[in-house]
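Engineer: Below are the chains, spelled out letter by letter.
There are 2 protein chains.
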Amino acid sequence: MKSPSEQNYIQQLSIDCVIFGYHDKQLKVLVPKLDFKGDFWALPAGFIGQEEGIGPAARRILVERTGISNVYLDQFRVFGDAERSNAQVLKRIVELNQDKLGEKWLNRKEVEWVTRRFVSIGYYALVDINKVIPRKNDIDVSIEWYPVNALPTLIMDHNELVTQALETLRLNLDQKLIAFNLLPETFTMKELQELYEAIFDKPFPRNNFQKKMLDLNVLERLEKKFTGAANKAPYLYRFQQANS
Amino acid sequence: MKSPSEQNYIQQLSIDCVIFGYHDKQLKVLVPKLDFKGDFWALPAGFIGQEEGIGPAARRILVERTGISNVYLDQFRVFGDAERSNAQVLKRIVELNQDKLGEKWLNRKEVEWVTRRFVSIGYYALVDINKVIPRKNDIDVSIEWYPVNALPTLIMDHNELVTQALETLRLNLDQKLIAFNLLPETFTMKELQELYEAIFDKPFPRNNFQKKMLDLNVLERLEKKFTGAANKAPYLYRFQQANS
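Here the protein sequences line up with chains A and B, keeping their order.
The first sequence begins at 1 in the working numbering and counts up by one.
The second sequence begins at 1 in the working numbering and counts up by one.
Wrong hints could be hidden among the right ones.
[What the hints assert, rightly or not] Straight-line C-alpha distance at most 30 angstroms; calculated DSSO-like pairs for lysine-lysine: (1) Lys25(A) to Lys25(B); (2) Lys211(B) to Lys212(A); (3) Lys211(A) to Lys211(B); (4) Lys202(B) to Lys109(A); (5) Lys211(A) to Lys202(B); (6) Lys25(B) to Lys176(A); (7) Lys212(A) to Lys232(B); (8) Lys176(B) to Lys176(A); (9) Lys33(B) to Lys176(A); (10) Lys131(B) to Lys176(A); (11) Lys190(B) to Lys202(A); (12) Lys202(A) to Lys100(A); (13) Lys225(B) to Lys212(A); (14) Lys211(B) to Lys176(A); (15) Lys212(B) to Lys131(B); (16) Lys212(B) to Lys212(A); (17) Lys25(B) to Lys211(A); (18) Lys25(A) to Lys211(A); (19) Lys136(A) to Lys25(A); (20) Lys211(A) to Lys33(B); (21) Lys190(B) to Lys202(B); (22) Lys202(B) to Lys212(B); (23) Lys25(B) to Lys202(B); (24) Lys176(B) to Lys202(A); (25) Lys212(B) to Lys202(A); (26) Lys33(B) to Lys190(B).
[Claimed, not checked] For each label pair, taking beta carbons as the anchor points, the in silico distance ranges come out as: (27) Lys211(B) to Gly38(A): 31 to 39 angstroms; (28) Lys202(A) to Lys131(B): 35 to 43 angstroms; (29) Glu220(A) to Val63(B): 28 to 36 angstroms; (30) Asp138(A) to Leu171(B): 38 to 46 angstroms; (31) Asp201(B) to Thr163(A): 33 to 41 angstroms; (32) Gln240(B) to Asn149(A): 29 to 37 angstroms; (33) Glu167(A) to Asn137(B): 30 to 38 angstroms; (34) Leu222(A) to Phe200(B): 31 to 39 angstroms; (35) Gln240(B) to Lys202(A): 39 to 47 angstroms; (36) Gln50(B) to Arg170(A): 56 to 64 angstroms; (37) Ser85(B) to Asp138(A): 27 to 35 angstroms; (38) Thr153(B) to Pro203(A): 49 to 57 angstroms; (39) Lys176(A) to Ala87(B): 29 to 37 angstroms.
Bear in mind the hints are in silico, worked out from the structure with no lab data behind them.
For clarity, every value in this text was computed on a predicted model and none was experimentally measured.
Glycine included, every Cβ here is placed at the ideal spot set by N, Cα and C.
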């Protein structure tokens with residue numbers, strides 16, 4: 001990645017990605033921790049190349065952090081208050097990490113570029129968590145999945161970004177039939193219901209839920225395989241529709 | 001408005017507004033026509049001041065064109081293909097309008113600024129058309145309401161912006177209860193149904209529609225006034241919930 005100060009990126013415009021996964025009956029978000037004293041967590045983010053569309057830029061950032069590209073990804077909102085900037089965060093990092101000030105990325109020009117006011121386009125991605133190998137980049141100390149309702153305190157307005165991404169996910173869940181992106185290829189009705197309950201953070205009555213899902217007409221029920229325990233095993237379903 | 005070339009605006013970032021109104025049983029969009037030979041129509045648009053939030057910038061553009069500010073206004077999508085730019089349009093304007101090339105706004109520096117690649121944040125507004133007095137600005141020859149399904153050919157991707165704004169309006173109509181912003185303060189059930197039919201471009205069965213609207217629990221039915229014809233007049237409703 002070329003230095004942003006070289007102006008090969010659009011100025012004052014960034015992309016922040018809320019990457020949702022589902023595991024252990026919990027909706028989770030992939031969050032890197034910066035390699036600085038002071039406990040700084042920040043959403044995966046990046047800039048937009050002068051010859052790069054905003055969609056491809058978002059997908060590039062997603063691939064950098066997950067290793068996979070063929071997943072559901074969409075914009076959800078732009079964050080652009082007049083005061084929105086990295087300046088306060090950078091100031092605290094510099095105060096707490098005097099020993100690292102000599103490192104290249106903290107040179108004066110780059111910090112100047114990155115601490116101006118930034119408008120950020122929020123994207124959210126839905127991934128099958130089993131297919132992701134989280135990747136930290138060269139300024140991270142770690143990258144982990146956190147339950148959406150037990151996130152650490154993120155920098156800037158990033159916690160608010162997650163809240164808004166979750167709201168969009170809930171609004172779009174039925175109308176755009178996107179929940180299936182969070183599941184493996186086959187799943188039981190119980191697993192699908194548990195996913196919905198995790199996303200909406202509330203229980204659904206079982207019979208209603210099953211009827212509602214089947215009425216959507218997008219689930220294919222697989223034939224049971226006749227192994228020993230198969231007769232007691234629940235049906236597996238698969239999502240029928242091409243999507244993303 | 002200061003010249004954009006002075007860099008008091010964020011570079012390469014603009015706002016385009018799709019302003020919806022409702023009249024004569026038609027959903028309409030407010031579209032200015034540029035004061036140039038060649039028939040150029042463009043959505044109301046503007047830039048974002050360095051000390052201005054994106055929301056306030058969108059509202060400023062809306063007020064400039066409608067004279068009213070207290071109306072529903074929200075983002076719907078960002079348009080940011082790598083090739084997205086005004087350059088082709090400006091080139092055609094210059095070709096067809098040689099006689100105007102001396103005018104200030106066509107000076108070389110400003111054209112350079114405005115023909116770079118631009119990422120645009122799409123906003124849509126819902127207004128009570130009776131309260132709007134459309135205002136052209138100094139590069140328009142006129143500004144008119146056009147039915148959404150009979151728009152002229154707009155510059156760049158502006159027709160696509162309208163299509164996407166309409167899709168968002170449809171998606172959000174029930175969940176965010178925003179249709180009422182397009183109506184006067186009081187309306188009959190028939191008028192409300194006609195509005196929905198205009199937005200979705202299809203008829204709704206009358207009994208179902210009425211039940212669905214009443215079930216939303218946001219309509220207040222007004223008492224009839226006992227004038228001569230009142231007993232035959234349909235009930236008037238008012239939207240109960242604070243909103244915008």
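Engineer: Each hint should be assessed against the structure and marked as holding or not.
Structural biologist: Status of each hint after checking the structure:
About 48 angstroms separates the Cα atoms of Lys25(A) and Lys25(B), which puts this hinted pair outside 30 angstroms; it is violated. Straight-line distance between C-alpha atoms of Lys211(B) and Lys212(A) comes to about 21 angstroms, which keeps the hinted pair within the 30 angstroms bound. This hinted pair checks out: Lys211(A) and Lys211(B) have alpha carbons roughly 23 angstroms apart, not beyond 30 angstroms. A distance of roughly 57 angstroms separates the Cα atoms of Lys202(B) and Lys109(A); the hinted pair therefore is violated under the 30 angstroms criterion.
As the CA atoms of Lys211(A) and Lys202(B) are separated by approximately 27 angstroms, the hinted pair is consistent with the 30 angstroms bound. Among the hinted pairs, Lys25(B) with Lys176(A) is consistent with the structure: their alpha-carbon atoms are about 29 angstroms apart, no more than 30 angstroms. Distance hint between Lys212(A) and Lys232(B) is unfulfilled; the C-alpha atoms sit about 42 angstroms from each other, more than 30 angstroms. Between Lys176(B) and Lys176(A), the direct Cα distance comes to roughly 17 angstroms. Compliance with the 30 angstroms bound is thereby established for this hinted pair.
Restraint check for Lys33(B) and Lys176(A): the C-alpha separation of about 36 angstroms exceeds 30 angstroms, so the hint is violated. Only pairs whose Cα atoms come within 30 angstroms are accepted, and Lys131(B) paired with Lys176(A) is rejected, the gap being roughly 35 angstroms. Proposed proximity of Lys190(B) and Lys202(A) is contradicted: the alpha carbons are some 37 angstroms apart, above 30 angstroms. With a C-alpha separation of about 46 angstroms, the suggested pair Lys202(A) and Lys100(A) falls outside the 30 angstroms cut-off, and the hint is violated.
In summary, the hint linking Lys225(B) to Lys212(A) is not supported, as the alpha carbons are separated by about 44 angstroms, beyond the 30 angstroms threshold. A C-alpha spacing of about 25 angstroms is found between Lys211(B) and Lys176(A), which places the hinted pair at or below 30 angstroms, so the restraint holds. Restraint check: the Cα-Cα separation between Lys212(B) and Lys131(B) comes to about 28 angstroms, which is no more than 30 angstroms; the hinted pair holds. The suggested pairing of Lys212(B) with Lys212(A) holds, with an alpha-carbon distance near 18 angstroms, which does not exceed 30 angstroms.
As the CA atoms of Lys25(B) and Lys211(A) are separated by approximately 37 angstroms, the hinted pair breaks the 30 angstroms bound. Restraint check for Lys25(A) and Lys211(A): satisfied, since their Cα atoms lie roughly 21 angstroms apart, inside the 30 angstroms limit. For the hint linking Lys136(A) to Lys25(A), the alpha-carbon distance of about 25 angstroms falls within 30 angstroms, and the restraint holds. Of the pairs offered as hints, the one joining Lys211(A) and Lys33(B) is violated, with about 52 angstroms between alpha carbons and a cut-off of 30 angstroms exceeded.
Using a Cα cut-off of 30 angstroms, the hinted pair Lys190(B) and Lys202(B) holds, with the two alpha carbons roughly 15 angstroms apart. For the suggested pair Lys202(B) and Lys212(B), the alpha carbons sit about 16 angstroms apart, so the restraint of at most 30 angstroms is met. For the hint pairing Lys25(B) with Lys202(B), the CA-to-CA distance comes to about 12 angstroms; that is within 30 angstroms, so the pair holds. Taking the CA atoms of Lys176(B) and Lys202(A), the gap is about 21 angstroms. The hint holds against a cut of 30 angstroms.
The straight-line distance between the Cα atoms of Lys212(B) and Lys202(A) is roughly 25 angstroms, inside the 30 angstroms bound, and the hint therefore holds. Our distance criterion of 30 angstroms between C-alpha atoms is broken by Lys33(B) and Lys190(B), whose separation comes to about 34 angstroms. The hinted range of 31 to 39 angstroms is not satisfied by Lys211(B) and Gly38(A), whose Cβ atoms lie roughly 57 angstroms apart. Between Lys202(A) and Lys131(B) the beta carbon distance is about 40 angstroms. The supplied range of 35 to 43 angstroms therefore holds.
Restraint check, Glu220(A) to Val63(B): a C-beta distance of roughly 52 angstroms breaks the suggested window 28 to 36 angstroms. In this structure, Asp138(A) and Leu171(B) meet the distance hint of 38 to 46 angstroms, their C-beta atoms being roughly 40 angstroms apart. The beta-carbon spacing between Asp201(B) and Thr163(A), approximately 34 angstroms, falls within the hinted interval of 33 to 41 angstroms. In this structure the supplied range 29 to 37 angstroms holds for Gln240(B) paired with Asn149(A), their Cβ-Cβ distance being about 32 angstroms.
The hinted range of 30 to 38 angstroms is satisfied by Glu167(A) and Asn137(B), whose Cβ atoms lie roughly 35 angstroms apart. A C-beta distance of roughly 36 angstroms is found between Leu222(A) and Phe200(B), which places it inside the suggested range of 31 to 39 angstroms. About 26 angstroms separates the C-beta atoms of Gln240(B) and Lys202(A), a value inconsistent with the hinted range of 39 to 47 angstroms. For the hinted restraint 56 to 64 angstroms between Gln50(B) and Arg170(A), the CB-CB distance of approximately 35 angstroms leaves it violated.
For Ser85(B) and Asp138(A), the Cβ-Cβ distance of about 33 angstroms falls inside the hinted range of 27 to 35 angstroms, so the restraint holds. Checked against the hint of 49 to 57 angstroms, the pair Thr153(B) and Pro203(A) passes, with Cβ atoms roughly 52 angstroms apart. For Lys176(A) and Ala87(B), the Cβ-Cβ distance of about 34 angstroms falls inside the hinted range of 29 to 37 angstroms, so the restraint holds.
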